[in-house]
Amino acid sequence: MIEARGLTRRFGQFVAVEGVSLRVPDGAILALLGPNGAGKTTTVRMLAGLLAPSDGAATVAGCDVRRDPAGVRARVGLVTDLPGLYEQMTLPDYLDFFGGIYGIEPATRARRIAELIDFFELGEHWQGRLAGFSKGMKQKVALARALLHEPAALFLDEPTSGLDPLGARAVRELIVGLKAANRAIILCTHDLDEAERLADEVAIVRRGRIVASDAPAALRAAATTDTLVRIELAAPHPGARAALDGLPGATFAAPLGDGMSSLIEYRTARPRETNPLAIARLTTVGAAIVTVTCATRTLEEVYAAALNE
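Quick note on numbering: the sequence shown equals residues 0 to 308 in numbering that gives the first Met the number 0.
If you are wondering where the hints come from, they were derived from the structure by calculation, not from laboratory data.
The beta carbon of each residue, even a glycine, is placed where N, CA and C say it ideally should be.
Misleading hints may appear alongside valid ones.
As the list claims (entries may be wrong) - Ranges of calculated distance between the beta carbons of each label pair, as one might list FRET restraints:
1) Arg196 with Asp63: 24 to 34 Å
2) Gly131 with Ala179: 30 to 40 Å
3) Gly131 with Gly99: 33 to 43 Å
4) Phe13 with Glu114: 40 to 50 Å
5) Arg271 with Ala214: 17 to 27 Å
6) Asn181 with Gly70: 14 to 24 Å
7) Val291 with Phe13: 44 to 54 Å
8) Val291 with Arg66: 49 to 59 Å
Please model the entire structure based on the sequences and the hints provided.
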């Protein structure tokens, strides 16, 4: 588990992170969203035991980040957007080198290296120098390095940055697998779609503070005061206009016109009441309904609103 309470970091008079509180259970992913300079990386560095907090408290995998930063570092894995690999090394030599730094016994080290190379499907590159690896492969190597000592928690800072779509998808699938292995994961990303697909909870960071935090669907729902409803007809129907005239609780996105459109759009704060009535009215006049869809605010809209408040 990763837990922080009032975590703060100052650099002189500049407050980089202020009063951050969060909780990530084992087997869950928290996505930190925010612009460059918002404080995401500073927060991760404190939680990973690399930077002492100015105020507040945090525990990671049972270790206090202020009292035992070395213990925290021994229990976490960190992957940044720039892997920083020793590119003249071969893959097994590189992982063996870091296994030694982690203090892993040689026999255990050899077993873990073999397991990770197999897990990340890097076996065909066993003897290749890292300099010849693609960026996607290098990200896999960085993840393997971070997992050598079987950490309880992972911090992933822009892990798919700069990857092609297939490479990014492969890394996302690996992250899902790491979550399934009961690890607590914090993911820093600018990719809103990635956050929505991977994270159990999203925290939006602005100027060093968390300004909104919840499950993606809950954030969207809380920010939505009305719902955009789209009704698609099989064909334009001349009776649609009269049928929906004066529909209670509906504000139409555009005039209904002369009924020559097969798409009807309106906004309503009470879709559970308004939509059945609209469907009944259209059915009564013989309009064939193909689909009815309801759209709440997107995570991108929630994010933009939170940053502009």
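Hints, verified against the model:
no.: 1; hint: Arg196 with Asp63: 24 to 34 Å; in the structure: holds, 33 Å
no.: 2; hint: Gly131 with Ala179: 30 to 40 Å; in the structure: holds, 31 Å
no.: 3; hint: Gly131 with Gly99: 33 to 43 Å; in the structure: violated, 24 Å
no.: 4; hint: Phe13 with Glu114: 40 to 50 Å; in the structure: holds, 44 Å
no.: 5; hint: Arg271 with Ala214: 17 to 27 Å; in the structure: holds, 21 Å
no.: 6; hint: Asn181 with Gly70: 14 to 24 Å; in the structure: holds, 20 Å
no.: 7; hint: Val291 with Phe13: 44 to 54 Å; in the structure: holds, 52 Å
no.: 8; hint: Val291 with Arg66: 49 to 59 Å; in the structure: holds, 57 Å
The earlier numbered hint that this structure contradicts is number 3, and it is the only one.
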